[in-house]
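Spelled out from the first residue to the last, the chains are:
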Amino acid sequence: MNDNKLAIEATDLTVAYQEKPVLWDVDLEAPEGVLMAVVGPNGAGKSTLMKTILGLVPAAAGQVRVYGKPYEQQRHLVGYVPQRGSVDWDFPTDALDVVTMGLYRRLGWMRRPGKAERAAALDALDQVGMADFADRQISQLSGGQQQRVFLARALVQDARIYLMDEPFAGVDATTERAIIGLLRELRRQGKTVLVVHHDLQTVPEYFDWVTLLNVRRIASGPVAEAFTEDNLRRAYGGRIAFLRENGQPPGAADHEPQLELSSAGALNQ
Amino acid sequence: MLQAQIEIILIASVVAASCALVGSFLVLRRMALLSDAISHAILFGIVLMFFVVESTTSPLLVIAATLTGVLTVLLVEALTRTQLVKEDAAIGLVFPLLFSLGVILITRYAANVHLDVDAVLLGEIAFAPFSRFVVFGLDLGPQALWLALGVGALNLIFILLFWKELKLATFDAGLAAALGFSPALIHYALMTLVSVTAVSSFEAAGTVLVVALMIAPPAAAYLLTDRLPVMLGLSVGIGVLSAVTGFALARVLDASIAGSMATMTGVAFLLALLFAPQRGLVRKWTRGRSQRRQFAGEMLLVHLSQHEADPALAAEATIEHMARHMRWPEGFGQDVVKHLAREGFVSRVNGSLALTPLGREVAQSVMLR
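If you read the protein sequences in the order shown, they are chains S and P.
Converting from the first sequence to our numbering requires adding 134 to each position, the first position being numbered 1.
Converting from the second sequence to our numbering requires adding 11 to each position, the first position being numbered 1.
Since the hints were derived computationally from the structure, they do not count as laboratory data.
Just so it is clear, the structure is predicted and the values come from calculations on it, not from any experiment.
We treat Cβ as the ideally placed atom computed from N, Cα and C, and that holds for glycine.
Please note that the accuracy of each hint is not assured.
As the list claims (entries may be wrong) - Computed cross-link-like contacts, BS3-like style, restricted to lysine-lysine with a CA-CA straight-line distance of at most 30 Å:
no., chain 1, residue 1, chain 2, residue 2
1, P, 175, S, 203
2, P, 295, P, 349
3, S, 249, P, 175
4, S, 203, S, 139
5, S, 154, S, 203
6, P, 97, S, 154
Unchecked claim - Derived CB-CB ranges, DEER-like:
no., chain 1, residue 1, chain 2, residue 2, range
7, P, 378, S, 315, 34 to 42 Å
8, P, 296, S, 243, 42 to 50 Å
9, S, 252, P, 118, 41 to 49 Å
10, P, 95, S, 240, 48 to 56 Å
11, S, 335, P, 321, 46 to 54 Å
12, P, 100, S, 322, 29 to 37 Å
13, P, 332, S, 177, 55 to 63 Å
14, P, 164, S, 245, 43 to 51 Å
15, P, 137, S, 240, 27 to 35 Å
16, S, 146, P, 118, 24 to 32 Å
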């Protein structure tokens, strides 16, 4: 892991919908190999940040670099897991077919997936514990299983950077464990992962870097430095309550999470 | 059968197949209403170009109509983007305007030519065999058939070539964009095909019934399968079947051919809605009924097992008493007990219900669940 090498670098990023800024002058630096949580209240622009990095939403100002180059030249390095609710799960297809879609860029226009692609997709399904569900119609899968299909679809891209939009939202315990296992495996392989995350309690446990966002970037860096009570209060405003046990300061990275946070805005999503 | 009748059936079948192919993607993309908008609005383009070339058979009419179809989509999208109007309202605003402009132009300036409003609304496929495609004095069949075949082939080739791109952009436009497949390009290509298809179906089906051919067969097929290729195949099959049976119906009733065909697509959809093996209403209803009965049976077994210990209560275990206790509607209790008895879970002793050893086991396992 080379901390000087930036997997993703966004500078002065401003994004507006109908003249209303959603992201305002945001800088983001994700060094290679970090497992970064992107947190912030509703409407903080977390998903928009991901979409802007991927070129899905145009930036009004600023730029994004993926390993020093524009995203358009680096598509092959980035795997994307959109929010589960962004697609129609009644679409007539099975889990294996959805995972195979991750390989379409490599195939290019008009070429059809073959045996090799099928094998790669099956392998990715196996990695998320979904090998037995390859032929299952996607509407017959539980929410957590659908999420794992989405993860497998990103895995099969064999990217160096993964952007995941709320992978933990509304999933069962099995899936949550599967995702955590997967994140750790990706970190072990030196991949860079950005995850839009909602459960503040688990941030110090699951991630080593964190970005706090609320239209502007509040803080970004190693969890121990950036995930402080002060920064959280600035990101979430007064709507957050800190219930500390043992008098430990929040964000002490080498401890199990000591803080319990409760905030309608932060946790009920 | 007369040659003209065979030709009509052929034209109708090819048009139906063509409509079903593009219609499948419209249904999956939740853009069914756009087919309505496009099929109406193209009238404006046809009429305008008619004044330029003064012919009803010029290929320029097809091109002008297709462009109008795409223009309709662009206008709807532009109106929606203002965020002052929702998409469904935008559709309802754009196409009636273009369509009514077309109607005014026809009634004001073209009343004496082949373009008349009735034919626009319902098509006039019965006259289709009269316009022949003649090359060097050789009669190659009706023009409408060649147009339909050409457009059908175009649709088929496009879908086969860009199968995976269409699928990806339809299922997950965000990923399609992230992977570098322009979903916008695919969208407008599809909208162009829908427009061309609507134009080619114009004579056979008219503006209103094109919608039936584009939406009903795919909507029926969607209920019958979980696989996209099967859905497209079934759509085409249902479309062609509706065309053929619709023609027969029109003959029997001595009614409009296009109207009968559209009616048959509706019938096909209704049959799928009722009898689709997994999702049909009948299946849903029977499944719900058997689930209710199974749950009621389990409840009864548990209840009986709780009362077994007390001889006084056990004597009360009549069907009538149980049904009252569980607040079951009349007849339902009889039904439940009949099934439990058939499974060997309960027996009747002096008019009272008693658990069999097997029933006792089931009751225990239910409580552990």
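Hints, one by one, checked against the model:
| no. | hint | verdict |
| --- | --- | --- |
| 1 | P:175 / S:203 | 28 Å, holds |
| 2 | P:295 / P:349 | 23 Å, holds |
| 3 | S:249 / P:175 | 15 Å, holds |
| 4 | S:203 / S:139 | 13 Å, holds |
| 5 | S:154 / S:203 | 28 Å, holds |
| 6 | P:97 / S:154 | 20 Å, holds |
| 7 | P:378 / S:315: 34 to 42 Å | 36 Å, holds |
| 8 | P:296 / S:243: 42 to 50 Å | 46 Å, holds |
| 9 | S:252 / P:118: 41 to 49 Å | 59 Å, violated |
| 10 | P:95 / S:240: 48 to 56 Å | 42 Å, violated |
| 11 | S:335 / P:321: 46 to 54 Å | 51 Å, holds |
| 12 | P:100 / S:322: 29 to 37 Å | 53 Å, violated |
| 13 | P:332 / S:177: 55 to 63 Å | 59 Å, holds |
| 14 | P:164 / S:245: 43 to 51 Å | 22 Å, violated |
| 15 | P:137 / S:240: 27 to 35 Å | 53 Å, violated |
| 16 | S:146 / P:118: 24 to 32 Å | 59 Å, violated |
When held up to the earlier numbered hints, the structure conflicts with 9, 10, 12, 14, 15, 16 and fits the remainder.
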